[in-house]
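There are 2 protein chains.
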Amino acid sequence: MLNKHEAGDTVALMAEVGRKARSAARPLAIASAERKHAALIAMADALLRNQDAILQANALDMANGEEAGLSPAMMDRLKLNPDRIRAMANGIRAIADLRDPVGEVIAEWDRPNGLHIERVRTPLGVVGVIFESRPNVTADAGALCLKAGNAAILRGGSDSINSSSAIHACIAEGLKAAGLPEDAIQLVPVTDRAAVGEMLKGLGGNLDVIIPRGGRSLVERVQNEARVPVFAHLEGLCHIYVDKSAKLDMAVSVVVNAKMRRTGICGAAETLLVDRAVAGTFLPPILNALAAAGCEIRASADVLKLYPDAVPAVESDWRTEYLDSIISVAIVDGIDGAIQHIETYSSHHTEAIIAEDAKAVERFFNEVDSAILLHNASTQFADGGEFGMGAEIGIATGRMHARGPVGVEQLTSFKYRVRGNGQVRP
Amino acid sequence: MLNKHEAGDTVALMAEVGRKARSAARPLAIASAERKHAALIAMADALLRNQDAILQANALDMANGEEAGLSPAMMDRLKLNPDRIRAMANGIRAIADLRDPVGEVIAEWDRPNGLHIERVRTPLGVVGVIFESRPNVTADAGALCLKAGNAAILRGGSDSINSSSAIHACIAEGLKAAGLPEDAIQLVPVTDRAAVGEMLKGLGGNLDVIIPRGGRSLVERVQNEARVPVFAHLEGLCHIYVDKSAKLDMAVSVVVNAKMRRTGICGAAETLLVDRAVAGTFLPPILNALAAAGCEIRASADVLKLYPDAVPAVESDWRTEYLDSIISVAIVDGIDGAIQHIETYSSHHTEAIIAEDAKAVERFFNEVDSAILLHNASTQFADGGEFGMGAEIGIATGRMHARGPVGVEQLTSFKYRVRGNGQVRP
Numbered sequence: 000m001l002n003k004h005e006a007g008d009t010v011a012l013m014a015e016v017g018r019k020a021r022s023a024a025r026p027l028a029i030a031s032a033e034r035k036h037a038a039l040i041a042m043a044d045a046l047l048r049n050q051d052a053i054l055q056a057n058a059l060d061m062a063n064g065e066e067a068g069l070s071p072a073m074m075d076r077l078k079l080n081p082d083r084i085r086a087m088a089n090g091i092r093a094i095a096d097l098r099d100p101v102g103e104v105i106a107e108w109d110r111p112n113g114l115h116i117e118r119v120r121t122p123l124g125v126v127g128v129i130f131e132s133r134p135n136v137t138a139d140a141g142a143l144c145l146k147a148g149n150a151a152i153l154r155g156g157s158d159s160i161n162s163s164s165a166i167h168a169c170i171a172e173g174l175k176a177a178g179l180p181e182d183a184i185q186l187v188p189v190t191d192r193a194a195v196g197e198m199l200k201g202l203g204g205n206l207d208v209i210i211p212r213g214g215r216s217l218v219e220r221v222q223n224e225a226r227v228p229v230f231a232h233l234e235g236l237c238h239i240y241v242d243k244s245a246k247l248d249m250a251v252s253v254v255v256n257a258k259m260r261r262t263g264i265c266g267a268a269e270t271l272l273v274d275r276a277v278a279g280t281f282l283p284p285i286l287n288a289l290a291a292a293g294c295e296i297r298a299s300a301d302v303l304k305l306y307p308d309a310v311p312a313v314e315s316d317w318r319t320e321y322l323d324s325i326i327s328v329a330i331v332d333g334i335d336g337a338i339q340h341i342e343t344y345s346s347h348h349t350e351a352i353i354a355e356d357a358k359a360v361e362r363f364f365n366e367v368d369s370a371i372l373l374h375n376a377s378t379q380f381a382d383g384g385e386f387g388m389g390a391e392i393g394i395a396t397g398r399m400h401a402r403g404p405v406g407v408e409q410l411t412s413f414k415y416r417v418r419g420n421g422q423v424r425p
Numbered sequence: 000m001l002n003k004h005e006a007g008d009t010v011a012l013m014a015e016v017g018r019k020a021r022s023a024a025r026p027l028a029i030a031s032a033e034r035k036h037a038a039l040i041a042m043a044d045a046l047l048r049n050q051d052a053i054l055q056a057n058a059l060d061m062a063n064g065e066e067a068g069l070s071p072a073m074m075d076r077l078k079l080n081p082d083r084i085r086a087m088a089n090g091i092r093a094i095a096d097l098r099d100p101v102g103e104v105i106a107e108w109d110r111p112n113g114l115h116i117e118r119v120r121t122p123l124g125v126v127g128v129i130f131e132s133r134p135n136v137t138a139d140a141g142a143l144c145l146k147a148g149n150a151a152i153l154r155g156g157s158d159s160i161n162s163s164s165a166i167h168a169c170i171a172e173g174l175k176a177a178g179l180p181e182d183a184i185q186l187v188p189v190t191d192r193a194a195v196g197e198m199l200k201g202l203g204g205n206l207d208v209i210i211p212r213g214g215r216s217l218v219e220r221v222q223n224e225a226r227v228p229v230f231a232h233l234e235g236l237c238h239i240y241v242d243k244s245a246k247l248d249m250a251v252s253v254v255v256n257a258k259m260r261r262t263g264i265c266g267a268a269e270t271l272l273v274d275r276a277v278a279g280t281f282l283p284p285i286l287n288a289l290a291a292a293g294c295e296i297r298a299s300a301d302v303l304k305l306y307p308d309a310v311p312a313v314e315s316d317w318r319t320e321y322l323d324s325i326i327s328v329a330i331v332d333g334i335d336g337a338i339q340h341i342e343t344y345s346s347h348h349t350e351a352i353i354a355e356d357a358k359a360v361e362r363f364f365n366e367v368d369s370a371i372l373l374h375n376a377s378t379q380f381a382d383g384g385e386f387g388m389g390a391e392i393g394i395a396t397g398r399m400h401a402r403g404p405v406g407v408e409q410l411t412s413f414k415y416r417v418r419g420n421g422q423v424r425p
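Protein chains in written order, with numbering that gives the first Met the number 0: chain A, 0 to 425; chain B, 0 to 425.
In short, the hints are calculated from the structure, not lab data. Treat the hints with care, as some may be off.
Result set (PhoX-like, lysine-lysine): computed pairs, CA atoms no more than 20 Å apart in a straight line [to be verified]:
(1) A/LYS358 with A/LYS246
(2) B/LYS358 with A/LYS414
(3) B/LYS414 with A/LYS358
Since the model is a prediction, treat every value here as computed from it, not as a measurement.
Throw the hints in and build the complete structure from the sequences for me.
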């Protein structure tokens, strides 16, 4: 299906994908919780049952990737094995076991005229997910959209198209087994850029939101060009601020974890800010611990005086998401200086304060405008699973609709149900 | 300021308006509830104190309007008098007395590792409001945005620019009296279409959402061209369905109110659907009551047989928001037929069911996908004030972020505050 494909074909094909998604969205929106649960369990079963076929398809992608000279990191993202397939199946089962959000009463109140008003969750409609080489996104994203009652259009990268197609076949099997429309979760069968372009234009009103899952250039393109809402974060330039009121041992352990637990995730800390009042005593032990863990220190001039082993930081360091074992370090004038630095350089994803002074914490919580703020805890907790949301499809830094981890609830909208007994408006 | 103005000037001017709004947004976002309340009360006081200046400015707009040949309806929208100025001041006081939404904890929960997570309301940022001839929108919309901690950019029509400017001067006085930045609520000082165009492009990232307040052509332009999110409804093609289980007297009074209380508002019913099982007995008394109230009946063929005085409906009638004393009427096959008709023709704004059968009501509530659904109550309750939200800035039919009446809460976003005691992620 990937051969002899032309751009005009893609436009027509994507329009058809959009129409099919929209017409699947309605039966899906009113499907019972039990039916959606059954479909998800059937998908998980199908993944395990079809393990051999998935691994064969993956072997084809791996061979193509080898030939195309993919990097070892990309090859690792692409690779499937029985453990990873089992993890995918378990992920879908965990989503199946989440509370069904559709129909949940979010708020309710009575009016003096006797009207009873409820705000209840509804699906959003059609969700588009654009991803790169990880084939497991097909399963995760499809399952999350389904749980929230949304139709999904999944567009994977060309590197993983055989693996994604094999996984998608299992998803389709699960939908069919539960009597749900197979078009509820579609995998775009072509991988040219034109398909993405059509999604960014909104498929003629048949796409309600786009979620990009991948590197910076993908997210940037989607944010710049999409004519429909986007849930995304361009980068996680996360800060951790150590206040003079902090406990030093806690500061050491939390900073090291925030930076070094995993350096490649969006919640990893990139900049350490230390209160000038304790810089002399706090900085050496914290930076020694980071260095001992293998971290490169890029320091402002005043930090360098206290810790001469560091690399001098330049202006661009405060704006860089390293996603690596590197941290930029500055001394700031207390909570005011910390807030000012963060509001100047942050990507508004996640920031942490280590402090015992409740006033400093309250100011940090009130005045820093990021999706996630943490007190005395590692920035690496910025994750839907860690928040107790079950699975997440990503983290959003926009302020519209979804902010922070995007889980099942964030993939819903709401409507009002008003019950009366004959009220007319005076 | 309206003379000798060129398009290049407008681009530069609007960019500056955007920058000023963004820099006012931060102090506003962290302003205390008391300070915002004081500013609103001071605005209301200033409106009353400056009544003469406002009426003089309005007289100028009215004279210009007369000369330009504005319709009587437009002249009425434009006109101010002491009563209307008092109503504006009272409207602002009512907004002042609403609960301050910023900092409100919307949800909170504990994690097994001891982290305590709160989701708290924050302002959205910068809100743009594009309106036409009603000068009071300057006060209403500015006050609502301020209450939610948002900076506002208000762009009024040229017909009302003198009145709007005089009202805006009172708003600026109130902001200044309370020590808030005057740029927190700006009135765009030019009225050319290019100013709107710049807002639709998003003012270089300095505009977070646009709310159009006005007629269909304005809303359509904003929805089609805006590169930032829009809270709006294009039309309110509202349906009222009378089920066979309805009480006839209730059906008569609610249908007449839904259609005829005010015909020009978005929540007015435009189409009546009656269950075939009771059409013979229900339709004549309902349609007689509508006709007695001065309503023109446009009827499907089977309705015409029962009520020959009606005008035959054509296909376009089911798609028309009359905003007038006209109703289209069809017979449907029970709740299934009603849902099918509504999902085919509705603008997804507001629909009502008159029924005593709980099963029919539940199906209507679950399967109709409109912002507001009512049971045994008039569609004319589709209003933020009637919902108990205080004031509203409009009604949204989109599914993203805000749906239904857009009040102070809908003008907010949220962030997460996570409290720990040294937790690191394993």
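Comparing the hints with the structure gives:
Proposed proximity of A/LYS358 and A/LYS246 is supported: the alpha carbons are some 16 Å apart, at most 20 Å. Distance restraint check for B/LYS358 and A/LYS414: the Cα-Cα separation of roughly 19 Å lies within the 20 Å cut-off, and the hinted pair is therefore satisfied. Only pairs whose Cα atoms come within 20 Å are accepted, and B/LYS414 paired with A/LYS358 is accepted, the gap being roughly 19 Å.
Checked against the numbered hints listed earlier, the structure breaks none of them; every hint is satisfied.
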